[in-house]
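For chain L, the structure is supplied; the task is to place chain W with the ligands on it using the hints.
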Amino acid sequence: MDLTLHVWRQSGSNADGRLVTYEAKDISPDMSFLEMLDVVNEGLIEKGEEPITFDHDCREGICGACGMMINGNAHGPQGGTTACQLHMRSFKDGDSITIEPWRAAAFPVLKDLMVDRSAFDRIIQAGGYVSVNTGSAPDANEIPVPKADADVAFEAAACIGCGACVAQCPNSAAQLFTSAKVSHLGLLPQGQPERYQRVVEMVAQMESESFGSCTNHRECEAACPKEISTDFIARMNRDYFAALFKGKRPASAG
Amino acid sequence: MKLDAKIPEGPIEKKWDEHRFHMKLVNPANKRKFNVIVVGTGLAGASAAATMAELGYNVKAFCYQDSARRAHSIAAQGGINAAKNYQNDGDSVYRLFYDTVKGGDYRSREANVYRLAQVSVNIIDQCAAQGVPFAREYGGMLDNRSFGGAQVSRTFYARGQTGQQLLLGAYQALSRQIHTGKVKMYPRTEMLDVVLVDGHAKGVVVRDLVTGEVSSHAGDAVVLATGGYGNVFFLSTNAKGCNVTAAWRAHRRGALFANPCYTQIHPTCIPVSGDHQSKLTLMSESLRNDGRIWVPKKGGDNRPPGQIPEQDRDYYLERRYPSFGNLVPRDVASRNAKAVCDEGRGVGPGGLGVYLDFADAIGRLGQDTVSAKYGNLFHMYEKITGENPYQVPMRIYPAVHYTMGGLWVDYNLMTNIPGLYAIGEANFSDHGANRLGASALMQGLADGYFVLPYTIGNYLAQHMGEDVTTDDQAFKNVEAEVAGRVDRLMSINGSRSVDSFHRELGKLIWDYCGMARNAEGLNTALEKVPALREEFWNDVRVLGSAENVNQSLEKAGRVADFFELGELMCRDALDRDESCGGHFREEHQTEEGEALRDDESFSFVSAWEKKEGTDWQLHKEHLEFEYVKLTQRSYK
Ligand SMILES: Cc1cc2nc3c(=O)[nH]c(=O)nc-3n(C[C@H](O)[C@H](O)[C@H](O)COP(=O)(O)OP(=O)(O)OC[C@H]3O[C@@H](n4cnc5c(N)ncnc54)[C@H](O)[C@@H]3O)c2cc1C
Ligand code: SF4
Ligand code: FES
Chain L
8 MDLTLHVWRQ
18 SGSNADGRLV
28 TYEAKDISPD
38 MSFLEMLDVV
48 NEGLIEKGEE
58 PITFDHDCRE
68 GICGACGMMI
78 NGNAHGPQGG
88 TTACQLHMRS
98 FKDGDSITIE
108 PWRAAAFPVL
118 KDLMVDRSAF
128 DRIIQAGGYV
138 SVNTGSAPDA
148 NEIPVPKADA
158 DVAFEAAACI
168 GCGACVAQCP
178 NSAAQLFTSA
188 KVSHLGLLPQ
198 GQPERYQRVV
208 EMVAQMESES
218 FGSCTNHREC
228 EAACPKEIST
238 DFIARMNRDY
248 FAALFKGKRP
258 ASAG
Chain W
4 MKLDAKIPEG
14 PIEKKWDEHR
24 FHMKLVNPAN
34 KRKFNVIVVG
44 TGLAGASAAA
54 TMAELGYNVK
64 AFCYQDSARR
74 AHSIAAQGGI
84 NAAKNYQNDG
94 DSVYRLFYDT
104 VKGGDYRSRE
114 ANVYRLAQVS
124 VNIIDQCAAQ
134 GVPFAREYGG
144 MLDNRSFGGA
154 QVSRTFYARG
164 QTGQQLLLGA
174 YQALSRQIHT
184 GKVKMYPRTE
194 MLDVVLVDGH
204 AKGVVVRDLV
214 TGEVSSHAGD
224 AVVLATGGYG
234 NVFFLSTNAK
244 GCNVTAAWRA
254 HRRGALFANP
264 CYTQIHPTCI
274 PVSGDHQSKL
284 TLMSESLRND
294 GRIWVPKKGG
304 DNRPPGQIPE
314 QDRDYYLERR
324 YPSFGNLVPR
334 DVASRNAKAV
344 CDEGRGVGPG
354 GLGVYLDFAD
364 AIGRLGQDTV
374 SAKYGNLFHM
384 YEKITGENPY
394 QVPMRIYPAV
404 HYTMGGLWVD
414 YNLMTNIPGL
424 YAIGEANFSD
434 HGANRLGASA
444 LMQGLADGYF
454 VLPYTIGNYL
464 AQHMGEDVTT
474 DDQAFKNVEA
484 EVAGRVDRLM
494 SINGSRSVDS
504 FHRELGKLIW
514 DYCGMARNAE
524 GLNTALEKVP
534 ALREEFWNDV
544 RVLGSAENVN
554 QSLEKAGRVA
564 DFFELGELMC
574 RDALDRDESC
584 GGHFREEHQT
594 EEGEALRDDE
604 SFSFVSAWEK
614 KEGTDWQLHK
624 EHLEFEYVKL
634 TQRSYK
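Listed in order, the protein sequences are those of chains L and W. When the count follows my numbering, it moves up by one through the first sequence with no breaks and lands on 261 for the last residue. When the count follows my numbering, it moves up by one through the second sequence with no breaks and lands on 639 for the last residue.
Pulled out of the complex, with its shape left as it was, chain W reads as follows:
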């Protein structure tokens, strides 16, 4: 198989315009003859569905929640980047492009990232026009902040609820199209497979999560906007229902899965409080602007933090990285927290935590100023932990947050299966080996509002009049397979709950394919994960019936797919014998403990093709860098 990314010719700043000019168009009267299926209505899916409906296509949209307004995008806090340069501080499309490629540790496609930076400005215009209540300055203009170590202020935000407000904007645009009848919305409906007819994606098989009914939907193209797979770790900052099933089912039908080992661990989350923990909560990264991170110098120092004098504290980030201190990038901060905890110097229950201390900031700025800046975060922390961070230091620990890997797509966001597209976190496209803060919302909306609705027309224009219906035998076959899988999960009737398997799988992936990986650990995981999967298929207990609401059954199907994905993540991490971004192979680090890339051997996207059983074949898309100069990061 030859991977063709279909990157347009020409200088980078002209590629997208030229490409749009050369794409085939569907004439307005013909648009209503096409049916497009959109699975997932988070930022990416809702914006794509609404925009395609506005253009005149008929859209069917699906989500597993009871309403499109609840997609995981709702939880994003910090903000969304755009190269508006409203602050006149030297930002530009080129700078955002450059920062994103560099931040991704040079493992993304230049052309895609450039386009992302270009359309970022349109996103803000669109959202403001929809009534998204972005933060404003007193003069009524939009406010910006600097985020995640960026040297310019290009992040737009709506208090700590940017994702919520952007998603509500997209949800409202979608609602308007539902009202006109151009979009038919199917909430509480889970896609369980994609249907190919003559090698082209022509529909999906779904299960109604209320009635349990399995049914087919046919369309001229299928768009997956189903989010990321961070929940393979069980504990993550993702919503509980986030899953890989849609993407994985497509993978099993031939779509390549790219860079599965690239996961992002966020340094500032509330630590695990006990075995009952069901998910982790992110605390905004902005806290590191004023909080100081430390642990006791000596392991086993159980004194309350207030009684540990200065000379017995180790402000390890300030010590190791004097110029960046507490503001080192996410991956560096996360790995250092793990290192001090592994040395036995962690704090709080289980020793998996470090202090984030505001005493100095309160002393310097006063409690009122600190409260004005971070009040809502302090409040949230107190709600969850029962501790008052004005009086005792917060405890934080890294947690899984985002997955850069996903379905392989070309420049048009089409997977290698013709007619099957992937957008938002579900694809692998723009963030390389590490995503910058506030760039996921940007990418999801860029894909959904400004890229996919145009590129999909080019494909559809070439497939006029190929009316496929669900009467096609291909649909019957896939429906039977889906129903068979549901039956199988229901009939195992073993002894262990789905959650107990998921927790155990998550722990394996976290231990061996988490913040730091090495060949030995990955090989261990490659033995343990398949063994646990075996056990799952023999011993999982799913009670109740498949003919009505059954949350255990839903989870079981998702966990079954996480098992296969987890194995591929370890394969990919083992194969990528270098460190880059979020993928840290302990064998490859600089003297400073920084990720050490091997550009000579690994400047490629790993795109995995599913073979029989649990075998995969690797395809490489080589990355060319014409504009950005590859350098080694240093934060000393």
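Okay, chain L solo, but in the shape it has when bound:
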């Protein structure tokens, strides 16, 4: 099939960007979306133009590196699918596709479709872990975990940190990402000792980054390639208020 692409090109974080139109010819329906971009890039290199920059690594929907707005949808039109797992059979001959980077103040563009998502790492660094030194753990079966709890914790832990939730949110809020980690650990017995301190630390870090506030649009859930539920946001809010009630304050607040 033949397609017309409108791709965001921006040479660096301080440069102005614009949409540039490219024709993508002879695209096979079996190609992944990123393979389609590979083909376009090979054509650009041949013509002596710089190829389009985009993050990617595993190309199996698990590393969370890839991500772009495809006709206004984070990761494209197919639900529960990352850009790398989207295949061109989702499009038809003659389609026009607009491809842009994640748009969020907290995710500045580095080049073309590549953005800086280090704010997510800082949220995890603020408290997204269980503080257990290597070697100090008891036998794994000494802490039984009810299967139902383990299963729900897993649903939350499946987040790949791609940033689609932020990109799709009209407010660029990071609640879905943050609540996924808060819930993963908060649902397990191992995560209990730090449960309330963790949530205040992570929320404080989230609020100190340039994310917006959550006003319950729930577009994040629809865009999330791992179909993380907004129920976790509600859960995080409950833990957060319980934590405040218990007098927990982020360490940085003194």
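Quick caveat, the hints were computed from the structure, so don't treat them as lab data. It is possible that part of the hints are untrue.
To be verified - Computed list of chain L residues with no C-beta within reach of chain W, every gap over 12 Å: (1) TYR29; (2) ILE34; (3) CYS166; (4) LYS255.
Unchecked claim - No farther apart than 27 Å at their CA atoms in a straight line, the calculated lysine-lysine pairs in the DSS-like style are these: (5) L/LYS255 x W/LYS185; (6) W/LYS632 x W/LYS105; (7) W/LYS34 x W/LYS185; (8) W/LYS386 x L/LYS99; (9) L/LYS32 x W/LYS510; (10) W/LYS386 x L/LYS32; (11) W/LYS510 x L/LYS54; (12) W/LYS185 x W/LYS27; (13) W/LYS105 x W/LYS17; (14) W/LYS17 x W/LYS5; (15) W/LYS5 x W/LYS623; (16) W/LYS18 x W/LYS5; (17) L/LYS154 x W/LYS376.
Even glycine gets a Cβ: it sits at the ideal position worked out from N, Cα and C.
Coordinates of chain W with the ligands only, in the frame set by chain L:
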């Protein structure tokens, strides 16, 4: 050069404990005086960096992705082995040790493998305590499954995302240390060389992948945890960025590269769909428990699978290996698939595929049961191929998956360069000529959590107060070399893209040094690979600038190193005139078509030393087997 593996004395079950007792310790107050550089933050690197920081060392950690959470380890599906014997089915440290040495076709070091089996149990404890959501039984205890033909259930798993959950555990432990300031993390930073001062590894030269800046970092020891080199084949199940550059640069500075020809080909991957293919996707091996593998009896039979009647089908694994059938080991399954496709009986585009058929299983168990077991895999298959495997058989084909070879290390995981360590898939250590399923995650975490953090102390304790800084001339020299190489790649300005060279190189290595090798083919490759490398250095086209993000430049540097590695792989494969594990020399097979070892002549690790130009010298580390009895595998 004499290779000393530094294997401790004493009975195998005491070696590690005794060794730990005799190692020199760095006292707690002194630990903060040491700086350790860790390159790579996959399972091996993240666990090592976090643990060393917990012990008090200052760590600088580097990775090329935008976050440590994205390392290739994230993609591991199946699980992680540990000799917990929670299922009470007769597993033990000794059995895991034995299975691993045997599975490696007797080409690994007994002492290392025994230690791996010993610490495997601690890994599960550590990960569970971190909150890794392993699969559970209804009583709340950990669940296990049997994996890759093992006769006991010792594999721990987290749905089909075990690697992801283990890596997130390690990443979180690392994040905690970043928060305390004990680890300084450098994402989007690629190591391009190691710096030696008086023969000791004292730092690295890196390139910032955003600004293009080349800079130096000094430390008291350097740890490479940079993963495997399967991407030399271009098409593999590895993430696109996986590379050999860090290990190769160390090799060029004198570190020996061991067993480069040992690569693992996984039998159940989704076949190539066209020339655009950029990577291959693994389908869990568990599918072979219920799927039946077949091809048409006659070549050129183009009927849709549903219209090919039973009598025209060849269930070739069941026919050739009546007792193991579809569950023969990875290498046997892979080679047989290649053989039937080479006979012209392959299915799907290009004839490079075989059917994996669930019709019988669906008939026997019902679609619901099949879906409960494999639903996510069926879903993934449909997403990629657009075909519904409940209705038509899946098509599968083998793909490159893992590399057993890597930097040579001794029992302490130190390379032959003092102060330079290699852990995880980047070293050659524990899997011999073939890795068992669910053992790579185990090894990466064993190295990172439980081995390296202790053995490195023994080295550091002997090097107190040797403060080396990046002002040392050695750093300036290496920086200049790195910058020169970048300039050279940028200035060739030829006519062909990096990918086009990489694809061509990958095809050469796959054709001549892939699933089956022979002397003639390897000699051909040894002519073609250097010729293509020449062409690469004269005709590659890297556009843009080196002063900001330039993905073509990143790839070009990696592919340049793959060229040299590819040549060494063929050298090694030619030199190893026997078959063993993943290394199948067509000249050496049993009547059953099984790999035929030559223990008399080849019970050694091949450790290659880089000489001038593209010459290498072979050093042999002879392998002694005191505990395991060497036998010939048979799956009839
Ligand atoms: C699809 C798939 C499924 C698998 N499933 C299983 C399984 O079920 N069980 C099992 O045991 N094993 C499995 N394996 C194997 C296992 O996943 C890997 O062997 C293991 O994760 C490797 O871990 P590592 O830490 O050594 O390296 P990696 O996870 O590859 O990490 C390498 C790190 O090095 C960094 N790096 C590399 N080069 C540089 C450089 N030059 N400069 C800076 N940083 C660099 C990267 O950024 C990354 O952080 C699977 C492999 C694949 C491909
Ligand atoms: S919550 Fe979903 S969309 Fe957001 S980062 Fe995680 S996986 Fe991506
Ligand atoms: S490239 Fe890894 S999720 Fe898309």
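Results for each hint:
1. TYR29: holds (16 Å)
2. ILE34: At roughly 9 Å from the nearest Cβ of chain W, L/ILE34 sits no farther out than 12 Å, so the non-interface label is violated.
3. CYS166: About 9 Å separates L/CYS166 from the closest Cβ of chain W, which leaves it inside 12 Å; violated.
4. LYS255: holds (17 Å)
5. L/LYS255 x W/LYS185: Measuring from Cα to Cα gives roughly 25 Å; hence the hint holds.
6. W/LYS632 x W/LYS105: holds (9 Å)
7. W/LYS34 x W/LYS185: holds (11 Å)
8. W/LYS386 x L/LYS99: holds (17 Å)
9. L/LYS32 x W/LYS510: Roughly 25 Å between the alpha carbons, so the hint for L/LYS32 and W/LYS510 holds.
10. W/LYS386 x L/LYS32: holds (23 Å)
11. W/LYS510 x L/LYS54: Holds: W/LYS510 and L/LYS54 sit about 25 Å apart, inside 27 Å.
12. W/LYS185 x W/LYS27: Since the Cα atoms of W/LYS185 and W/LYS27 sit roughly 23 Å apart, the hinted pair holds (cutoff 27 Å).
13. W/LYS105 x W/LYS17: holds (21 Å)
14. W/LYS17 x W/LYS5: holds (26 Å)
15. W/LYS5 x W/LYS623: Holds, at roughly 9 Å.
16. W/LYS18 x W/LYS5: The given pair, whose Cα atoms are some 22 Å apart, holds under the 27 Å limit.
17. L/LYS154 x W/LYS376: With Cα atoms ~17 Å apart, L/LYS154 and W/LYS376 stay inside 27 Å; holds.
Checked against the numbered hints given earlier, the structure breaks hints 2 and 3 and satisfies all the rest.
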